[in-house]
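Peer 1: Sequence:
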Amino acid sequence: MYYYDFSLTPSQPNSDVDFSKYKTEILAAIDSVNNGIAFKRDGKFIDINDEDINCQKIKLTLRCKTPLNHAARSLSALTRNLTGNYPKIFGKYIFNKTLFHMDLISQRSSFDDLEITDTDLIKGVIDLLFTHTTTTKEEATLREQTITQMKELIKPYIQK
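All residue numbers for the sequence shown refer to this note's numbering, where the first residue is 1 and numbers rise by one.
Keep in mind that the hints were calculated from the coordinates and are not lab data. Some hints could be false.
Simulated pairs of lysine to aspartate or glutamate, EDC-like, Cα-Cα distance not exceeding 20 Å [said to hold, decoys possible]:
1. LYS21 x ASP42
2. LYS155 x GLU115
3. LYS65 x ASP31
4. LYS155 x GLU139
5. LYS40 x GLU51
6. LYS88 x ASP16
7. LYS57 x ASP5
8. LYS65 x GLU25
9. LYS155 x GLU144
10. LYS23 x ASP42
11. LYS123 x GLU139
12. LYS123 x GLU144
13. LYS40 x ASP18
14. LYS57 x ASP42
15. LYS92 x GLU139
16. LYS65 x ASP5
17. LYS59 x GLU115
18. LYS65 x ASP120
19. LYS92 x ASP5
20. LYS65 x ASP47
21. LYS65 x GLU115
22. LYS88 x ASP127
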């Protein structure tokens, strides 16, 4: 699982928004986004606690099964939900077509709790063998070592 920690602040300079006044709406929007088709399909989930919402800042964590090149783009669904469902509250705080300035504070990964389905396994193997492009020598070496280990593991099942 990949984790992306964000700090969301008003995109509008000198904004007078007080996010803490709208905790109910923000939490409802996050719940709606988490249960949406795109997030379910892509294995994404936004984690947030009540105390992570204060007057000028929202802290949240985006969890995802796969790594994201532009994790902040996934949070645009939150802006769309808030401005679409609560235009009278949030409409006046839109600046440059967005409600938030999104700062990626940190990112990390953990595979201890990752469940790999048979489909995910096959897709991962195909990606590793045929579509994965490496950008560094270390990554290329790791890819080659992984493929070699996979071949050793599968030998007993394909030898006659």
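Peer 1: Give a verdict on every hint.
Peer 2: Okay, the hints, checked on the actual structure:
A distance of roughly 31 Å separates the Cα atoms of LYS21 and ASP42; the hinted pair therefore is violated under the 20 Å criterion. For a cut-off of 20 Å, the pair hint linking LYS155 to GLU115 is broken: about 24 Å separates their Cα positions. Restraint check for LYS65 and ASP31: satisfied, since their Cα atoms lie roughly 18 Å apart, inside the 20 Å limit. Simply put, LYS155 and GLU139 have alpha-carbon atoms about 24 Å apart, too far for the 20 Å limit, and the pair is violated.
A threshold of 20 Å between alpha carbons decides the hint, and for LYS40 with GLU51 the separation of about 25 Å lies outside it, so the pair is violated. Proximity of LYS88 to ASP16 is assessed by CA-CA distance (about 15 Å); at most 20 Å being required, the pair is judged to hold. The hinted pair formed by LYS57 and ASP5 meets the criterion: a straight-line CA distance of about 13 Å does not exceed 20 Å. For the hint pairing LYS65 with GLU25, the CA-to-CA distance comes to about 27 Å; that exceeds 20 Å, so the pair is violated.
With a C-alpha separation of about 17 Å, the suggested pair LYS155 and GLU144 falls inside the 20 Å cut-off, and the hint holds. Distance restraint check for LYS23 and ASP42: the Cα-Cα separation of roughly 26 Å exceeds the 20 Å cut-off, and the hinted pair is therefore not satisfied. About 19 Å separates the Cα atoms of LYS123 and GLU139, which keeps this hinted pair within 20 Å; it holds. With a C-alpha separation of about 17 Å, the suggested pair LYS123 and GLU144 falls inside the 20 Å cut-off, and the hint holds.
A distance of roughly 30 Å separates the Cα atoms of LYS40 and ASP18; the hinted pair therefore is violated under the 20 Å criterion. Using a Cα cut-off of 20 Å, the hinted pair LYS57 and ASP42 is violated, with the two alpha carbons roughly 27 Å apart. Between the alpha carbons of LYS92 and GLU139 the distance comes to roughly 46 Å, so the proposed pair goes past 20 Å and is violated. Proposed proximity of LYS65 and ASP5 is supported: the alpha carbons are some 15 Å apart, at most 20 Å.
At roughly 27 Å between alpha-carbon atoms, LYS59 and GLU115 are farther apart than 20 Å, so this suggested pair is violated. Of the supplied pair hints, the one linking LYS65 and ASP120 holds, its CA atoms being roughly 10 Å apart against a limit of 20 Å. Of the pairs offered as hints, the one joining LYS92 and ASP5 is violated, with about 26 Å between alpha carbons and a cut-off of 20 Å exceeded. Between the alpha carbons of LYS65 and ASP47 the distance comes to roughly 14 Å, so the proposed pair stays at or under 20 Å and holds.
For a cut-off of 20 Å, the pair hint linking LYS65 to GLU115 stands: about 9 Å separates their Cα positions. At roughly 46 Å between alpha-carbon atoms, LYS88 and ASP127 are farther apart than 20 Å, so this suggested pair is violated.
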